[in-house]
Amino acid sequence: MNYKILSFALLLVVAGTIFFWPNDEKKIKGNLNSLAKYCSSIKEESVIGTLQKAALAAKLCTDPCTVQIESLKIDREFRQKELTDRFLMMKKRLPNTGFSFHDTVIEIAGDDRAEVITTLRLNGKTIDEQFTDAYELNILVEKKDGDWLFSSFSVVEFMKK
Amino acid sequence: MLLKRVVALQGETVEFRKGVLYVNGNLIEEPYVRHRSDWQLPPRMIELGHVYVVGDNRGTSMDRHRFGEINMNRVVGGVIP
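Same order as they appear, the protein sequences are chains A and B.
Per the numbering used here, residue 1 is the first one in the first sequence, and the count goes up by one each step.
Per the numbering used here, residue 1 is the first one in the second sequence, and the count goes up by one each step.
So here's chain B without its partners, still in its complex pose (with noise of 0.2 Å):
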């Protein structure tokens, strides 16, 4: 099981541009990124029934890191603050 943060839902596009992310072109400010990377990644759209989740430790490189667009029936649940 892994833990990872959904940053973008169903339909919407996402990018990292020299590590920072966007979502539908916006900026989106993470204060919670530990070891901000340089990761470049053009804009994708999330399929249907599809999130995207990413790790907050982006200190790897990009290859390293495991992240990326997963089908919904893979959530088990979400976290308690």
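Looking at chain A on its own, in the form it has when it is part of the complex (with noise of 0.2 Å):
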């Protein structure tokens, strides 16, 4: 009896380390939600705040990273120090908006390169109105010192109007 129940525990315990256990998929979703997080700008977030979440977001991404944008005729590459600036600026212009990512497909190709496809959606509130926006994203995720970091962010232009 006490074999079979121990049996089982042990059977928990491995299913639940497999379960948990951090693996390249879970790590680069993981980075995606803190990017998220830090890109989100909550009310009355302080100017120290919104620097620090800024830098954070920069610090998830390669230096130099590169941005395609198509329909604002972005692209090519940012250093860290400018994704920050960056970061910084659309958090500024983008008040009381959360960041989200659904729909995220990761594909890791090789041990250090990742290919993630993914709907980036806007939440967020005008003076007036509440407000919802989305865009396709394809990113490069890399494997670098054992973190896994953005290395490029491509917006995908589907829609011709």
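Just so you know, the hints here were simulated from the structure itself, not pulled from any lab data.
Here the structure is a predicted model, which means the values were calculated and not measured.
Among the clues, some could well be false.
Within a straight-line C-alpha distance of at most 16 Å, the following computed EDC-like cross-link-like pairs (lysine to aspartate or glutamate) qualify [to be verified]:
#: 1; chain 1: A; residue 1: K144; chain 2: A; residue 2: D103
#: 2; chain 1: B; residue 1: K4; chain 2: A; residue 2: D133
#: 3; chain 1: A; residue 1: K160; chain 2: B; residue 2: D63
Partner residues are not named here, just some residues of chain B that face chain A (Cβ under 8 Å, in silico) [as the list claims (entries may be wrong)]:
#: 4; residue: G19
#: 5; residue: G59
#: 6; residue: M72
Beta carbons are placed, not taken as given, at the ideal position from N, Cα and C, and that holds for glycine.
Each of the two chains sits in its own frame; use the hints to bring them together as a complex.
The following block contains the structure:
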């Protein structure tokens, strides 16, 4: 009887360890969630808090990091300092806006490269009403010194007005 | 994944005049539209294998709103009313 209980407990521990073990996919997803958290601006965020979040968001990216946004005619590499400034500008421009990633598909392409296809959703509030915006993103991720960092962001433009 | 309304099919001509939708030159009544805008879009024919999609909330400027012609292979499903 005791042997059965012990076996079952052992099986649970093994299954739990496998389930909760931080594999590469979970680490990348975790970084995406952190990026969303740092980009989001909540009401009454302090100046220091905003600065810290912008810097932390940039630290999740490689130095340099490529950004492609066809509609804004942006297609170049950004150094980490410039990325921090851009994140800061974005947070100032989009106060009370929440960022979140949905329908995320992660493909690990080797030991140190991965590709992410995801939908970035913005939920915010302008002066008089609530707004929602969504963008399809292709993100490249590279493993540097054990950390998965975002090396390229590309907005997929699939709608032609 | 985005949720948009299909307003025109392949081969049809779509157009916006002061925010009002015209398909093949006919005015389309759209009671579901929230916050009608003043969008101006010259007539354009939808390519083979494509559809034209627009969201119902059109309060934002045309530049900011994401809508337009898409390939049918990007449509993953419909909405059951």
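Okay, the hints, checked on the actual structure:
{"no.": "1", "hint": "K144/A to D103/A", "result": "violated, 26 Å"}
{"no.": "2", "hint": "K4/B to D133/A", "result": "holds, 12 Å"}
{"no.": "3", "hint": "K160/A to D63/B", "result": "holds, 12 Å"}
{"no.": "4", "hint": "G19", "result": "violated, 14 Å"}
{"no.": "5", "hint": "G59", "result": "holds, 7 Å"}
{"no.": "6", "hint": "M72", "result": "violated, 12 Å"}
The structure shown violates the earlier hints numbered 1, 4, 6.
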